[in-house]
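Asker: Letter by letter, the chains look like this.
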Amino acid sequence: MSDTQTLREWLLTETPTSRRHAKISAFYQGWLTLRSNTMAMIGLGILVLMLFVAAAAPLLAPHDPFVQDLGNRLAPLGTEGHVFGTDSLGRDILSRLIYGSRITLYIVALVALIAPIAGLLVGTVSGYVGGWTDAVLMRITDIFLAFPRLILALAFVAALGAGIENAVLAISLTAWPPYARISRAETLTIRSSDYISAIQLQGAGAFRIITKHIWPLCISSLIVRVTLDMAGIILAAAGLGFLGLGAQPPSPEWGAMISEGRRFILDYWWVATVPGLAIFTVSLAFNLLGDGLRDVLDPKAGE
Amino acid sequence: MSMLDVDGLNVWFGKHLERVDAVKGATFQVARGESFGLVGESGSGKSTILRAITGLAPDWSGTLSIEGQPIAKKRPKTFFKQVQMVFQDPYASLHPRHSVDQVLGETLHLHGFQDIDTRVVKLLDDVGLGQKFRFRYPHQLSGGQRQRVAIARALAPEPELLLLDEPTSALDVSVQAEILNLLTDLRADRGLTYLMVSHDLSVVAHMCDRLAVMKSGDIVEIMSVDALRAMNATHPYTQQLFKASL
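As given, the protein sequences belong to chains W and C, one line each in that order. So in full-length UniProt numbering, the last one in the first sequence is 303, and the numbering has no gaps at all. So in full-length UniProt numbering, the last one in the second sequence is 246, and the numbering has no gaps at all.
Some clues are possibly wrong.
Quick list of the computed label-pair ranges, beta carbon to beta carbon [as the list claims (entries may be wrong)]:
(1) C/S42 to W/L284: 47 to 55 Å
(2) W/W10 to C/G130: 40 to 48 Å
(3) C/A227 to W/G131: 27 to 35 Å
(4) W/R139 to C/P58: 24 to 32 Å
Since the hints were made in silico from the structure, they are not lab data. Backbone N, C-alpha and C fix where the C-beta goes; we use that ideal spot for every residue, glycine too.
My request is simple: use the sequences and hints to build the entire structure.
Answerer: Right, dumping it as structure tokens:
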């Protein structure tokens, strides 16, 4: 039978033969749904391209992003050797964009690791345990939610000192409360369902129920929310960079690049516009992908 | 000594002014190997009795004993090896992200079994699902197949008393008969004791030896199935129920 069976049939089978087979098969079906969503694929394409660019930055960048050439400063778009022109210190903008993608990815990856996991932990524990624990954790969440996000991040960075790591920390500290809220709301609906009662009747403890039964159901909506929030995170990081509290010069962070170009925006518009367009493109890509992922991962839609 | 002894059971929800008494002074015994039915209309407290026995309804008073041993408020692990429950809606009682293998494997693991693989295979055979269902997810199963998985899960710890909360009411008629026959066979094979909740008198007549009729939290009458078949009721509510089911 396995001779005539194609890989596609093996992946789409209704009768998986092992645990791994079942997992791969479920994953492949999700991928097929995602693939049929053109906009999501465009978003994914942009992000894969960005990953590639960040990984191959030294090979792709035509110039050293830090080398100044004051004789050739503020060269316009399409100048010989400088497709996107040069900035106020004569550095090649394209090269700085390419290296800057590394910083952007670094920030996004770190925030995406810290904030949702912290939120998930707080939200599910609060929702499942209830009572006093719930009240205390949710009031703490409320306090964080009550502050304007960028202002709170500014305060943290100001207290901790400027720099990318501190910017990441500050953004994460301000980003977790919505995730805690989402996972608490999900937990409240899940916790009274029959399949949680059923596992309680097998004598399972709270730790097992939260990590093995509630988390898998919360994670998909969190992933969707994270991809949709990525744009906001990039903008917050760029905002901190713009205000001089994120990445420090001469590092080619996109927000810092806009900040530098701001001084000449009327006469030399491209210096600020090109990194702005880069932020716009990546944010859009994350939003498109997030929309597509919601179709794939939402357990309510999948029924 | 009876398998299950319920004596003066009260169950309520909410506190103070919002308190709702769902079960009031329910008293009945279920002998070892017997199949006992609880019938009544929606909201009469049938399912609540099951949830109180398993500890899913936390506010109760009275005495519940299994084989003469009173049940403590906090159920020990050994309790769940003796008593298991099958839920009403098979679409809600299986975790949407867990395969059949995970559901049964985890249950066996929690009860401390070592030979999990062979036991999962055997359980699936026992409930009439073949090996080809082992790695499927609930959304790949029909309602009847899901209920078979739920029954397999309840049987996994090898319990003596099985609480059945309208196990067929969410299924269509032909599948209902299959599940009822499966339950009858399992009881005969394993010498199980059933406490079954239903609002369908014909299901109770088919499955049970004795039954209790409930109305707004009270048990109004306990009768044998022979009396049910002869429509021999003493309480006016039971007579009314019989008439309505004709």
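Asker: If a hint holds in the structure, say so; if it does not, say that too.
Answerer: Evaluation of the provided hints:
no., hint, in the structure
1, C/S42 to W/L284: 47 to 55 Å, "holds (52 Å)"
2, W/W10 to C/G130: 40 to 48 Å, "violated (19 Å)"
3, C/A227 to W/G131: 27 to 35 Å, "violated (47 Å)"
4, W/R139 to C/P58: 24 to 32 Å, "holds (25 Å)"
Consistency note: the structure conflicts with the earlier hints numbered 2, 3.
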